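Produce the complete structure using the sequences and hints provided.
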Amino acid sequence: MGRIKVQIPLVILALWVILALFADFIASSNPILIRDERGLSFVGPYSDFSKKSQQDYETILMPLVPFLPTELDLSNKRFSSPGSTLTEKEISRVHYLGTDRVGRDILSGLIHGARFSLFIVLASVFIIGVFGTLIGVIMGLFGDKGLVLSRFSIILISIGLFLGLFWIQSLGLIKAGLGLGIMILTFLILSRLVSRSFPQKLGRNVSIPLDYILSRLLEIFETIPKLFLLLVLISLWDPSTERLILALALTGWVTLTKMIRGKTLSITNSQLFDSLKALGSPWHWSLRHHVFPFILPDLLAYLAYLAGNIILIESALSFLGLGVSPDVVSWGSMLSLSIYKPDFWWLAVLPGLFIFAIVFSLVRVGDLLYSRLNPEQTNWRYYDLV
Amino acid sequence: MVFSFWLAREAPGDPFLIQYQSQEKHFGLSAKAVESSSKQPLFFFSFEPLDEGHLVFQFFPSISFNGTHNQFFSWTKKLFTGDLGNSFRWKSSIWKVIFPPFLVSIMLGTISTLIMVLLAIWLALVLSESKSSKTTNGIWLVLDFLYSIPPYWLAILLLIFFTSSSFLQIFPSGGLGGEKSNVILSFLDMAYHLFLPIICLSLPPVAYFTKIIHQNIGLESKKVYSLNSASRGFSARWILRKEVLRNSLIPLFAHIPLFLSSILGGALMIEKIFNLPGMGKLMVDAFSYRDYPIIFSIALLTGLLTLTAFLVTDLLYVRFSPQIGRGFNKS
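Protein sequences, first through last, are from chains A and B. Residues in the first sequence are numbered consecutively from 1, following this note's numbering. Residues in the second sequence are numbered consecutively from 1, following this note's numbering.
Note that these hints are calculated values from the structure, not bench results. Incorrect hints may appear among the rest.
Unchecked claim - The calculated BS3-like cross-link candidates involving lysine-lysine, where the alpha carbons are at most 25 Å apart (straight line), are:
1) Lys263/A / Lys242/B
2) Lys96/B / Lys223/B
3) Lys175/A / Lys258/A
4) Lys131/B / Lys222/B
5) Lys263/A / Lys222/B
6) Lys131/B / Lys242/B
For clarity, every value in this text was computed on a predicted model and none was experimentally measured.
Here is the structure:
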């Protein structure tokens, strides 16, 4: 029994990835193989088939679902029922689950929706994972006293930040990069000169409460309603996939960063870390051999939960018709069609079932990962409010 | 300790700032659309390159102080006098447009929160009382289920299978109801109309709260007082329900403001699907009409609401757990 419980979520996730990778071969308007007088030839989804279609074929092998999700079937508009066919150039193709309002194939949309959701999830989880872990580990490692800079360099850094932001805003990225490069060079030379000549006042070292500052920043982010921030961001921007990913990453990094910070602090405040310092191990050594193995189970498990959460949020957004441009087919936007057509129950059940199954298996896999990597603790969940 | 606690709690002031900065920024854009006051600078200070085309001087900013003639200031002034501007779509004051949906949303939110918290408490109690791993595993499975169901999917399924004429037509398909002659009758009618939406609103967050309560129960039952009560001969059930549960509900206050905003967000889809005239539906409609004053007023109002909720929960926190107010854990 236990085996099956573990395997079902993994199988679902594997199916998801397979659907996403081979969506073009499963659902496409081009045939896979044709046999004509010259013999058997491979066509596939990426070749331009319509130009060659004047010839006669003996046999033709179509993909499992013979439509592209973006293909408009004008003869089967306004929710035609399952089994309705389109015959063009003596090839007749069947809509297995019917069509939507403008004549797009529903089943094909379902299959290609897997690709879209996988792409969104991988991209935003990657961004959040990298930046969240980085900031969290920095906060935990430096703490409130770890980062020590001279007053002079603090002044220089703040001037540099101000000027850099100003340049990016007014001059564009290339000129800003150029300006920053020149500035850093001059400051490097200046700092050499000045730190020798004014050692008393400007050269005095001050510890920066990095952890404190960043924690307040995180709290500010945490208190803004997540979905509202997301909606406001998206309403300000034009709909595009990259911006949707960016917005998802901007709203999703806080919890991960807080968690990583807490974990890192709990090890940097321990006696182990003090003794490591006393033994003179370099910081990257303790990072690699003590901090990362310690935070890894939580990180992996949380990323699985986060992926589930992002699927939920993304499908909610496309359900509302926000975030992505209307010609992109996603499960959320397919769900929103079902309100207009209650007779097509599969239109409501299938996309939602896909979302549900994937989120459920991600939660299960996250739990599994955690309990395998961290055997003392059980029943550990990172539920998040959507 | 006390200071950092209060500062952490003071931070909710800032979403307000961020939201109205974005709002202010956007008011700049929308003002441009109607070509009024778009010439005014955005903020108190403005930075411009000294000389646009010059090779060297374009890298030096010239800073100018704008005084009170900037959009940010005038917008803030308007805000404090209670003037949020007019809706593009309804052509009337925003307060008039927002107020009735606001009441509906608050009602929905309160009812579903109550149901949700009661359910979560019950599940957490069962989780911590049961000794068989089958029950606990089953409950965790159910919670995983509840967590991974998209609320709007649940809403659509209920809508299709219980309200449409093709399947079972048991419940009304939408609207608020409650327009009957008798008070009791109209209350019943409203309950009948709101039954499905409230199911959709209260079920998905149950997982999150059950986990929190269960965690707190685990922490509290390890403390000395429960051992003390056990040594005096109180039953485990009595200790759990009368002593441990009370203390483990206190930290829940910290989660309520976050939950408030999330229920407003979750209500966005549910209200749209069930055609309830709440804030969520208003906001979705405002998005499709690009009615920016409404969008940002709602965002502002939600920010304010979250802020007030944080303040109220802080006060309640101190009231229920006096050791926080007195700086008990000073170190």
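Structure-based check of all given hints:
{"no.": "1", "hint": "Lys263/A / Lys242/B", "in the structure": "violated (34 Å)"}
{"no.": "2", "hint": "Lys96/B / Lys223/B", "in the structure": "violated (52 Å)"}
{"no.": "3", "hint": "Lys175/A / Lys258/A", "in the structure": "violated (35 Å)"}
{"no.": "4", "hint": "Lys131/B / Lys222/B", "in the structure": "holds (17 Å)"}
{"no.": "5", "hint": "Lys263/A / Lys222/B", "in the structure": "holds (23 Å)"}
{"no.": "6", "hint": "Lys131/B / Lys242/B", "in the structure": "holds (20 Å)"}
When the structure is compared with the earlier hints, violations turn up for hints 1, 2 and 3 and for no others.
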